[in-house]
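Protein chains: 6
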Amino acid sequence: MATTPILDDEALSPEARAVFDDIRATRKTDFVNNFWRTLAHDPALLAATWNRLKEIMGPGALDPLTKELIYIAVSVANGCSYCVHSHTAAAKAKGMTEAQHAELLAVIGMAAQTNALVTALQTPVDEAFQIG
Amino acid sequence: MATTPILDDEALSPEARAVFDDIRATRKTDFVNNFWRTLAHDPALLAATWNRLKEIMGPGALDPLTKELIYIAVSVANGCSYCVHSHTAAAKAKGMTEAQHAELLAVIGMAAQTNALVTALQTPVDEAFQIG
Amino acid sequence: MATTPILDDEALSPEARAVFDDIRATRKTDFVNNFWRTLAHDPALLAATWNRLKEIMGPGALDPLTKELIYIAVSVANGCSYCVHSHTAAAKAKGMTEAQHAELLAVIGMAAQTNALVTALQTPVDEAFQIG
Amino acid sequence: MATTPILDDEALSPEARAVFDDIRATRKTDFVNNFWRTLAHDPALLAATWNRLKEIMGPGALDPLTKELIYIAVSVANGCSYCVHSHTAAAKAKGMTEAQHAELLAVIGMAAQTNALVTALQTPVDEAFQIG
Amino acid sequence: MATTPILDDEALSPEARAVFDDIRATRKTDFVNNFWRTLAHDPALLAATWNRLKEIMGPGALDPLTKELIYIAVSVANGCSYCVHSHTAAAKAKGMTEAQHAELLAVIGMAAQTNALVTALQTPVDEAFQIG
Amino acid sequence: MATTPILDDEALSPEARAVFDDIRATRKTDFVNNFWRTLAHDPALLAATWNRLKEIMGPGALDPLTKELIYIAVSVANGCSYCVHSHTAAAKAKGMTEAQHAELLAVIGMAAQTNALVTALQTPVDEAFQIG
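Residue numbers (the working numbering), protein chains in the order written: chain X, 1 to 132; chain C, 1 to 132; chain B, 1 to 132; chain S, 1 to 132; chain L, 1 to 132; chain H, 1 to 132.
Incorrect hints may have been included.
Pairs involving identical chains hold if they fit within one copy or between any two copies, as the list cannot separate such chains.
Unchecked claim - Straight line, CA to CA, 30 Å or less: simulated DSSO-like cross-link-like pairs of lysine-lysine:
no.	residue 1	residue 2
1	LYS28	LYS94
2	LYS28	LYS54
3	LYS92	LYS28
4	LYS94	LYS54
5	LYS54	LYS92
Just so you know, the hints here were simulated from the structure itself, not pulled from any lab data.
Next up, chain X with everything else stripped away, as it sits in the complex (with noise of 0.2 Å):
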């Protein structure tokens, strides 16, 4: 189904099988997801990806809750029906609550909504948007 074949453990060179196992140590967990399987043809690919992931999704400036709920928006909004459902996932594991979901479906929602209306309107910037 897949455009590249799903690899799964035994079918791994030892470069991709050394980023499954950096996976499972981060995350804690012996499940590795279809992603990472459909990346795994290309081990220098794979291994750039998740390393690149890694670093930016641990703690820093935002919590990685947040980071989540950042990653889903970019995900609805590009219309990435495996990414939303891995991401609301992760964010579910992350402590994502119920109330919170709905409050980021109300305000994915809304942004498309808004996002079209000044398209439509073609509304030029405002100057006061235009300081730094």
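Could you slot chains C, B, S, L and H onto chain X? The hints should help.
Positioned in the frame of chain X, the structure of chains C, B, S, L and H alone reads:
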């Protein structure tokens, strides 16, 4: 430049003026940005949009700054230039630090990248993500 | 500013000039907008695009104004600023009233909102919708 | 499969049930499609979405069928599979003929094509389109 | 599952059959994929789409495989699942190697990421890029 | 105009300056375009983005010009004006001819059109495309 007139205060209908009064009272500023001015020719749409926005973007299970970050994320993914400008300004006004802005950008960029990879790979949704 | 030259009438090849002549005759105006001028460096693409557009946008099972409204809707969703400007102008020229414009905006905004909600919810298609 | 439970009638809260009652009365059918069932866990969002949709999609300056065609156009451009299915079904129920459907497809395809060409060409907006 | 019937060969009108005959002759295979079968209810749109596709995707200043890679890139960015499947299959049939596929994915992912960053940053176009 | 400052050389941190030095050395030009200048406030994101871009866009299984064409295609579909300008300039610098540019535009337009048609038709993926 817009596809509808950008109404200044003198040109407002009484219904639109009432919405502008509420925008000013709610935001504690006399400034009303162009989005509302290009919507103001249609007081019903203006009122419906403002009333809903006010309700959604206030404090709740998610704090107002987090909601602005989500709004920016959707606006970026939808390519709405005006919206990116106005909600980045709003996020700064609500206390977004430079470090938070930088992390927001990194998460948005990462999400856009993995969204595209997943779509190119046509990765099937894992069973584990399908349990509500 | 464009990625190809914006050709004025003197710079047209004979093949491009013939297309411009037909645009002018069909639209009963001397004005030829920039879209065609930026396409004119490639007379084959210019001719193919114009001929198809002329055929599709004429009267048929849907009237020309309805077709312009649909064109605006797609252009908004695709975030094409030029297209929103040019097709809103075209719709006005074909008789779109302010009230119709306002309702068009409301429908576009509503559709963008529910599109986003459905994608965030990953709502499965009802069986009732799957019967051709 | 959805990211929220798909509620059947027995699982509805009283507030959600009231919205479902209005959907059934307005549409004169007992069938309530999955979109509303996946929204129903959040009665406030359910009610706000339904009430606004009912108001916007009713008769006005544009007839209900034209509004459905516009809705389909936005849904296609946003790549929302569920929405294309549900609004195509709604348009057929409101009388969309095969010939109208065929022309709708042709216009949507044409708009997508010229949107892409304009974006690739970065065609500047004509002065003639900038006069309100 | 489609919004129009998926016509098998027996159900084709003579005009649609002529297009199918040309598809088979051009591609040197009896297989006609579902895209054409769902378009076939409208022979005019079917013929216009096929004739234009055949002309554009043939050899020219760009070779057919490069054109397929470009087609995949657009299809991914537009989130068209069917199109990603069909054009990835077409690219493989035209000789795309695994290494080329892997690089295509990396470029698409990178472009999606920097597109999003630029939009979030609202980077102004350099003067150097504005000289046609 | 950007949402972050556009840093000139004097304002760079040492880490950002090192990246700019590498951009200049790699591209054999003193010119550093605004994308990097708006990213430069966050040296970590700047370095990660540049290092990855340099690696991906170099020669490999696909030649650098083909990669630029793919980059333009994604940028068009994502509606990123800056990116279309900068990568069209880059493609010209790498030898893209006018005829190649014209064919690129035709393919992008065709793909956008059939993407939209497929989404409107909800064409199901052929079994033949599902064999990895």
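*What hint numbers does the structure not satisfy?*
Failing hints: none at all.
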